[in-house]
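Peer 1: Let the hints inform the model, and build the full structure from the sequences given.
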Amino acid sequence: MDWGNILELSMRELIGVQAIVFALAAIGINVQFGYTGLLNFGQAAFAAVGGYGIAVIVTTYDMSFWLGLVVAIAGAIVLALLLGIPTLRLRADYLAIVTIAASEIVRLVGRSASGREVFGGSDGITGFSNTFYDFNPFTEPVSFGPFEFRERVLWVLAVGWVLVALCTLTVWLLMRSPWGRVLKGIREDEDAVRSLGKNVYAYKMQSLVIGGVMGALAGVVYSLFQGAMQPDVYATNFTFFAYAILILGGAATVFGPVLGAAIVWFAFQFIDLALRGAIQQGYIPDWLMDSNDTGAVRFMLTGVVLVLLLVFRPQGILGDRREIALDAR
Amino acid sequence: MQKLARCLGALLAVLAAVLLATPAVAQGSGETIHGTLTYQDAPVAGVTITVTTADGADVGTVQTAADGTWEVPVPGPGDYAVTLDAATLPSTAPGVARDTIETTVNPQQRKVVLFRVGTPEDDGGEQPAPEGEPSEGGEDETPGSGSAESEAGGDVTATGGNNQLLQLFVSGLRFGLILGLAGLGLSLVFGTTGLTNFAHGELIVFGAVTALLLNQAGIPVLMAALLATLISAVFGWGQDRGFWRPLRKKPTGLIALMIISIGVSLILRYLTQFIIGGGRETYDEYTYQDPISIGPISITPRDLIIMGICVVLLAAVALALTRTRMGKATRAVADNPALAAASGINVDRVITLVWTVGTALAGLSGVFFGMIQGVDYLMGMRILLLVFAATVLGGLGTAWGAMVGALIVGIFIEVSAYVVPSELKTAGVLVVLILILLVRPQGILGRRERVG
Chain A
1 MDWGNILELS
11 MRELIGVQAI
21 VFALAAIGIN
31 VQFGYTGLLN
41 FGQAAFAAVG
51 GYGIAVIVTT
61 YDMSFWLGLV
71 VAIAGAIVLA
81 LLLGIPTLRL
91 RADYLAIVTI
101 AASEIVRLVG
111 RSASGREVFG
121 GSDGITGFSN
131 TFYDFNPFTE
141 PVSFGPFEFR
151 ERVLWVLAVG
161 WVLVALCTLT
171 VWLLMRSPWG
181 RVLKGIREDE
191 DAVRSLGKNV
201 YAYKMQSLVI
211 GGVMGALAGV
221 VYSLFQGAMQ
231 PDVYATNFTF
241 FAYAILILGG
251 AATVFGPVLG
261 AAIVWFAFQF
271 IDLALRGAIQ
281 QGYIPDWLMD
291 SNDTGAVRFM
301 LTGVVLVLLL
311 VFRPQGILGD
321 RREIALDAR
Chain B
330 MQKLARCLGA
340 LLAVLAAVLL
350 ATPAVAQGSG
360 ETIHGTLTYQ
370 DAPVAGVTIT
380 VTTADGADVG
390 TVQTAADGTW
400 EVPVPGPGDY
410 AVTLDAATLP
420 STAPGVARDT
430 IETTVNPQQR
440 KVVLFRVGTP
450 EDDGGEQPAP
460 EGEPSEGGED
470 ETPGSGSAES
480 EAGGDVTATG
490 GNNQLLQLFV
500 SGLRFGLILG
510 LAGLGLSLVF
520 GTTGLTNFAH
530 GELIVFGAVT
540 ALLLNQAGIP
550 VLMAALLATL
560 ISAVFGWGQD
570 RGFWRPLRKK
580 PTGLIALMII
590 SIGVSLILRY
600 LTQFIIGGGR
610 ETYDEYTYQD
620 PISIGPISIT
630 PRDLIIMGIC
640 VVLLAAVALA
650 LTRTRMGKAT
660 RAVADNPALA
670 AASGINVDRV
680 ITLVWTVGTA
690 LAGLSGVFFG
700 MIQGVDYLMG
710 MRILLLVFAA
720 TVLGGLGTAW
730 GAMVGALIVG
740 IFIEVSAYVV
750 PSELKTAGVL
760 VVLILILLVR
770 PQGILGRRER
780 VG
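Line by line, the protein sequences are chains A and B. In terms of this note's numbering, the first sequence opens at residue 1 and continues consecutively. In terms of this note's numbering, the second sequence opens at residue 330 and continues consecutively.
One should not assume that every hint holds.
[To be verified] Below 30 Å or equal to it, Euclidean Cα-Cα: the simulated DSS-like pairs (lysine-lysine) are:
{"hint": "1", "chain 1": "A", "residue 1": "K184", "chain 2": "A", "residue 2": "K198"}
{"hint": "2", "chain 1": "A", "residue 1": "K184", "chain 2": "B", "residue 2": "K578"}
{"hint": "3", "chain 1": "B", "residue 1": "K578", "chain 2": "B", "residue 2": "K657"}
{"hint": "4", "chain 1": "A", "residue 1": "K184", "chain 2": "B", "residue 2": "K579"}
{"hint": "5", "chain 1": "B", "residue 1": "K579", "chain 2": "B", "residue 2": "K657"}
[Said to hold, decoys possible] To give an idea of the chain A side of the interface with chain B (calculated C-beta under 7 Å), a few residues:
{"hint": "6", "residue": "E104"}
{"hint": "7", "residue": "L108"}
{"hint": "8", "residue": "S114"}
{"hint": "9", "residue": "V118"}
{"hint": "10", "residue": "D293"}
{"hint": "11", "residue": "F299"}
{"hint": "12", "residue": "V307"}
{"hint": "13", "residue": "L310"}
{"hint": "14", "residue": "P314"}
{"hint": "15", "residue": "I317"}
{"hint": "16", "residue": "L318"}
Simulated from the structure, these hints should not be mistaken for lab results. We treat Cβ as the ideally placed atom computed from N, Cα and C, and that holds for glycine.
Peer 2: Structure (structure tokens):
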């Protein structure tokens, strides 16, 4: 097996588009879950709304790319309001169930044959990313050491990491503000905050909206990179991945989601390539697994890591054990 | 409790004997792609259909028979493209929505591919299954209902008008009863421990897959179903004793436990994929039966018996909860664990019992779902959302609520197919769930209390 090659390909994923997308989604969940204690299990829905916002406006209705961006973000805000209004007054698990249901609703409606005219059915929508790539300042592939990036990828990476940086900065600024302290207060003891005269419901809603918009950005970046908006990308696993990433990096920390995303995608790529290599070389017998099974192994490992982290190190890599909302009822 | 266990055991044995007496229809192995071509409910004959492999090599060309059916044997599992030659359509048929359908055939699958004859602008036509999704088409799919997202009820014979509504209602009743069986464990575990178990869907799959593996090892389906239920019970017992109880003792917060359950569900779900692959598998018996007519409705004997077992088991649990000591203890723990413990109830024993019985029932319901829709590794997630909808609808944590909610969800999901496209019926139920939370967050039977 060519370990050098495997390592090199895996290193690329440290800063790859997948890492960007899941970092954005996880930063959003961090605002909601890490800082406010809201269990949003529907981040996939926000991402899908972001992706559909652009795709539907540009391809289906043939309107401007910029309007698409606005619709993507407005869509996420509306979705957050829709989900928040019935559930934010209820116990945490109601929000969890409703958001996970919402993410399936968005996906099922998106892939339905009856909505094919607008949402493109299960094949999804293509042909909306031209405007984005027209702005690409990179005209030829660029190499950093052993890594060569094609101009298209480079442009997505540049925009994506700027977005990640902006979101991280926003979270950092928000969470050191009085507003952020109220959020943390809600996470620690909702009733205490309420008795101080704060409108807990409104703060929760604002947190849900901000996190949701970041989720929509994740969807926008991913669909622009793929050049296609496919509903099945945004199944519930998308959300669960983002949670695993957030908890690995450290919930309620500013850099936790970014660190988590980079590590997780590096590890995924590495495990995938190493397993495939081992199968090709015959180190792993055929009856045990073939190269189609590597995907399943990756998901199983995600599950194992999630369980082990929460049992033994719930604060993740960067977090502070006293600062997480895991004991709330 | 022992009484309850004995009752359940005896019931299962009796019902197994009854089921064994009903004939099963044998099915062939070997992969084929087949379908029925219809236009306005009439078969279309003499249309040329060609199957090629993904890289364009010809596999076979057939003409549809007088009853509109066609079948092309394929050399093995893989990706194929099925093309309908629109030029050979009769002049009465205006065209076809999509004349080429790409599809993936899994090992031993008889893949259904349906062309939607109509004006080319029509919506619909069959969609290719996306990667990783279970592909549509088990043995028992009837034309018009083949969709990867379709839930139970794929084998309802469609007839016209009120009759169809009635048929859908019965199908919904069947679905709701199985769902009730599946959801009891979730609801009871939530009631006694406060854990919203996201891995509950995988407990359902666990039963289905255990039965499938036993069946593939040569054990008849009914024996396998019985064994799978028992193994599920052991699995539930072991899971609580070996995993959840130590976590509760640690102690671990409820939200942490919820996310842990997501981790568990990922592990179990992809372990299932690892073992049975990404396709849809079926048991070797009871996948298809000729329906019998009872008054205006037609139903297969298999479904009747499944519904009977569900009713009996649900009633047994309800009786056990109200009449037996252990059942009363369970309700006491659900009401107030600390007080229950103080009054001498062994809370840990109650919780272990709830896990054992809940997992066993979930496993059995998984076998039923497996008989009706086939077994695939994603079925847990699909059913879990409906179980959530059912329990929240009925009132989280109450056993009666779970049953009532399941019946409502089951009937609603099937009957809604009368107005909503069948691929959207799950989405419809979830929308209703959200709407109900708006008006009555404690659920239909939940106690009115502040839930936030």
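Peer 1: Please go over all the hints and tell whether each is borne out by the structure.
Peer 2: Hint by hint, here is what the structure shows:
With a C-alpha separation of about 13 Å, the suggested pair K184/A and K198/A falls inside the 30 Å cut-off, and the hint holds. Using a Cα cut-off of 30 Å, the hinted pair K184/A and K578/B holds, with the two alpha carbons roughly 27 Å apart. At most 30 Å may separate the alpha-carbon atoms for a hinted pair to count; K578/B and K657/B meet this at roughly 24 Å. Proposed proximity of K184/A and K579/B is supported: the alpha carbons are some 25 Å apart, at most 30 Å.
With a CA separation close to 27 Å, the supplied pair K579/B and K657/B stays within the 30 Å bound. Because the beta carbon of E104/A sits about 6 Å from the nearest beta carbon in chain B, less than 7 Å, this interface hint is met. Because the closest C-beta pair between L108/A and chain B is about 4 Å apart, less than 7 Å, the hint holds. Because the smallest distance between the Cβ of S114/A and any Cβ of chain B comes to about 5 Å, under 7 Å, the interface hint for this residue holds.
Hint on V118/A is violated. Least Cβ distance to chain B is approximately 11 Å, over the 7 Å limit. Among the interface hints, the one on D293/A holds; its C-beta lies about 6 Å from the nearest C-beta in chain B, closer than the 7 Å criterion. At its closest, the beta carbon of F299/A sits 4 Å from a beta carbon of chain B; the interface hint therefore holds under the 7 Å criterion. Because the beta carbon of V307/A sits about 4 Å from the nearest beta carbon in chain B, less than 7 Å, this interface hint is met.
With a least beta-carbon distance of about 5 Å to chain B, the hint placing L310/A at the interface is held under the 7 Å criterion. Hint status for P314/A: holds, given a least beta-carbon distance of 6 Å to chain B, under 7 Å. Evaluation of the I317/A hint against chain B yields a violated restraint, the C-beta minimum of about 16 Å exceeding 7 Å. Taking 7 Å as the C-beta cut-off, the interface hint given for L318/A is violated, the closest approach to chain B being about 18 Å.
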